[in-house]
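Take a look at the letters that make up each chain.
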Amino acid sequence: MNAKLKETILNPLFSVNPITVLVLGICSSLAVTVELKGALVMALSVTIVTALSCLVLSLLRNSIPNRVRIIIQLVVVSMLVILVDQILKAYAYQIDTQLSVYIGLIITNCIVMGRIEAFALANKPIPSFLDGLFNGIGYGMILVILAIVRELFGSGTLLGMRIIPQAFYDAGYVNNGLVILPPMALILIGCIIWIQRGVQKELQED
Amino acid sequence: MNTNSNAYTIVYTSIIVILSAAILAIASQALKPRQDANIKADTISQMMTAAQFKTEGLSNDAIISLYKGAIKESFIIDNKGGKVSDMDKASSEIFSTSKLKAQNSILKRGKADQMKLPVYVFNKDGKDITVIPVYGAGLWGPIWGYLALEPDMKTLAGAFFNHESETPGLGAKIKDDPSFRARFVGKSIDLKAKPAFEIIKGGAGNKSNAIDAITGATMTSRGVGDAIADWLDLYKPYLTKAEE
Numbered sequence: 001m002n003a004k005l006k007e008t009i010l011n012p013l014f015s016v017n018p019i020t021v022l023v024l025g026i027c028s029s030l031a032v033t034v035e036l037k038g039a040l041v042m043a044l045s046v047t048i049v050t051a052l053s054c055l056v057l058s059l060l061r062n063s064i065p066n067r068v069r070i071i072i073q074l075v076v077v078s079m080l081v082i083l084v085d086q087i088l089k090a091y092a093y094q095i096d097t098q099l100s101v102y103i104g105l106i107i108t109n110c111i112v113m114g115r116i117e118a119f120a121l122a123n124k125p126i127p128s129f130l131d132g133l134f135n136g137i138g139y140g141m142i143l144v145i146l147a148i149v150r151e152l153f154g155s156g157t158l159l160g161m162r163i164i165p166q167a168f169y170d171a172g173y174v175n176n177g178l179v180i181l182p183p184m185a186l187i188l189i190g191c192i193i194w195i196q197r198g199v200q201k202e203l204q205e206d
Numbered sequence: 001m002n003t004n005s006n007a008y009t010i011v012y013t014s015i016i017v018i019l020s021a022a023i024l025a026i027a028s029q030a031l032k033p034r035q036d037a038n039i040k041a042d043t044i045s046q047m048m049t050a051a052q053f054k055t056e057g058l059s060n061d062a063i064i065s066l067y068k069g070a071i072k073e074s075f076i077i078d079n080k081g082g083k084v085s086d087m088d089k090a091s092s093e094i095f096s097t098s099k100l101k102a103q104n105s106i107l108k109r110g111k112a113d114q115m116k117l118p119v120y121v122f123n124k125d126g127k128d129i130t131v132i133p134v135y136g137a138g139l140w141g142p143i144w145g146y147l148a149l150e151p152d153m154k155t156l157a158g159a160f161f162n163h164e165s166e167t168p169g170l171g172a173k174i175k176d177d178p179s180f181r182a183r184f185v186g187k188s189i190d191l192k193a194k195p196a197f198e199i200i201k202g203g204a205g206n207k208s209n210a211i212d213a214i215t216g217a218t219m220t221s222r223g224v225g226d227a228i229a230d231w232l233d234l235y236k237p238y239l240t241k242a243e244e
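Chains as they are written, first to last, in my numbering: chain A, 1 to 206; chain B, 1 to 244.
The shape of chain A in the complex, shown without the other chains:
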């Protein structure tokens, strides 16, 4: 059991990371990683939604009629996503408008539905909750890495605070405009996948 639990926690972070290995949730990871603040909120939202929906659906797993199971999953996931959106609107309005459609689109994020179908419907509530939680963290981790690189080199700031000193700009340093654009996020994800496969040889395909 202990080894299995360890696997549930560590797999989503590294060897079965939703973004770098399963290549899920790419769309939102390109869109919300221009600034670290947005990426953190998105990472937190996805983690909460994935963890709670896995928990709820795992609790319901033996009673759900098989023919309508996807619909039931969607109802639960959408409810949680709308709840998160409402809470953000009340407590972090600027970030909510900045993330715009991408909060709503968590509903269609493949990670959420994927983990429910693959894990939560066949496992007990606690392991399911942990599986959802760490898949969310695995997704969020990559988001944060991307956002740090993009905000630092694209705007010279982190969380809105100036990191690259003014003296650099005076000496002729310019922010890299390309890093701000979505294609650069895709290139960065490619680099992360490259590094990860270089380290974890078992992920390499022939």
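Quick caveat, the hints were computed from the structure, so don't treat them as lab data. The reader is advised that the hints may include incorrect statements.
Claimed, not checked - Heads up, incomplete: computed chain B residues facing chain A, CB under 7 angstroms, no partners named:
#	residue
1	Thr-3
2	Thr-9
3	Thr-13
4	Ser-20
5	Ala-27
6	Asn-38
To be verified - Only pairs whose alpha carbons sit at most 20 angstroms apart, straight line, appear in this in silico EDC-like list of lysine to aspartate or glutamate:
#	chain 1	residue 1	chain 2	residue 2
7	B	Lys-68	B	Asp-86
8	A	Lys-37	B	Asp-177
9	A	Lys-37	B	Asp-176
10	A	Lys-89	B	Asp-42
11	B	Lys-154	B	Asp-212
12	B	Lys-32	A	Asp-85
13	A	Lys-37	B	Glu-56
14	A	Lys-89	B	Glu-56
15	A	Lys-89	B	Asp-176
16	A	Lys-89	B	Asp-88
17	A	Lys-89	B	Asp-36
18	A	Lys-89	B	Glu-164
19	B	Lys-40	A	Asp-85
Beta carbons are placed, not taken as given, at the ideal position from N, Cα and C, and that holds for glycine.
Here the structure of chain A is known, so what remains is to put chain B in place on it, guided by the hints.
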């Protein structure tokens, strides 16, 4: 128990849906006051950004107190330019975006003479800056914004636009790209021309009452242009009167 029977499926699904709806309804009720305060502060910061006040990063309370300090007059007019009523300054009453939407649907029904049109006059560095709203349709949903006019009622001091669901990175630039609203500064409206202000695809050249459209967002740019032209038409009697 047979979880695959029709009756079970229907009852089960109904219970889940009703439960979810109840949870969302309770959450919505509980969070509404805070959301409304956020929306009001956001609306105020939109019109004040148009008038070139700095509202970025301010808290709701700071925005409200900035508004109270800067507002000189706020009132409602009709489309003949006559004043209908004053807005309550003490409670910093504003004309919300949903009210603008309602006015726009009155306009669309062809009953422009029944419309209520808000006017805000701010005191900015000793000058009277008049702010008026515009409302229209973008590519995917409504777009709206505020135009700020210098005391001559012709020159634009600034503008701010917002949208509900324009494409991020393209149409959404009307809000996200500060260089778009910067294009308005120093331009002027020409009430004798039709339209009084234009957004031109392919470049406005030296025209004083036009700006360039956004590349890749033709429909949104056209929507903004139409919204400005339509609403300036409504404010024309008032602006002409105020000009004299």
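To see whether the hints hold, each was checked on the structure:
1. Here the hint on Thr-3/B is kept, as its CB sits about 5 angstroms from the closest CB of chain A, short of 7 angstroms.
2. At a threshold of 7 angstroms, the smallest CB-CB gap from Thr-9/B to chain A is about 4 angstroms, leaving the interface hint in force.
3. For Thr-13/B, the suggested interface contact is upheld, since its CB lies about 6 angstroms from the closest CB of chain A, less than 7 angstroms.
4. The restraint placing Ser-20/B at the interface with chain A holds, with a minimum CB-CB distance near 4 angstroms, inside the 7 angstroms limit.
5. The interface hint given for Ala-27/B holds, since its Cβ lies 5 angstroms from the closest Cβ of chain A, which is under the 7 angstroms cut-off.
6. The closest approach between the C-beta of Asn-38/B and any C-beta of chain A is roughly 4 angstroms, which is under the 7 angstroms cut-off, so the hint is satisfied.
7. For the given pair, Lys-68/B sits about 15 angstroms from Asp-86/B by alpha-carbon distance, which is consistent with the 20 angstroms threshold.
8. Of the supplied pair hints, the one linking Lys-37/A and Asp-177/B holds, its CA atoms being roughly 19 angstroms apart against a limit of 20 angstroms.
9. Only pairs whose Cα atoms come within 20 angstroms are accepted, and Lys-37/A paired with Asp-176/B is accepted, the gap being roughly 16 angstroms.
10. The straight-line distance between the Cα atoms of Lys-89/A and Asp-42/B is roughly 11 angstroms, inside the 20 angstroms bound, and the hint therefore holds.
11. Between Lys-154/B and Asp-212/B the alpha-carbon distance is near 19 angstroms, which keeps this suggested pair within the 20 angstroms criterion.
12. A distance of roughly 13 angstroms separates the Cα atoms of Lys-32/B and Asp-85/A; the hinted pair therefore holds under the 20 angstroms criterion.
13. At roughly 15 angstroms between alpha-carbon atoms, Lys-37/A and Glu-56/B fall within 20 angstroms of each other, so this suggested pair holds.
14. For the proposed pair Lys-89/A and Glu-56/B, the alpha carbon gap of about 17 angstroms is at most 20 angstroms, so the pair holds.
15. Using a Cα cut-off of 20 angstroms, the hinted pair Lys-89/A and Asp-176/B holds, with the two alpha carbons roughly 18 angstroms apart.
16. For the suggested pair Lys-89/A and Asp-88/B, the alpha carbons sit about 26 angstroms apart, so the restraint of at most 20 angstroms is broken.
17. Distance check on the hinted pair: Lys-89/A and Asp-36/B sit about 9 angstroms apart at the alpha-carbon level, within 20 angstroms; holds.
18. At roughly 14 angstroms between alpha-carbon atoms, Lys-89/A and Glu-164/B fall within 20 angstroms of each other, so this suggested pair holds.
19. Between Lys-40/B and Asp-85/A the alpha-carbon distance is near 18 angstroms, which keeps this suggested pair within the 20 angstroms criterion.
This entry does not satisfy hint 16, going by the numbered hints stated previously; all others are met.
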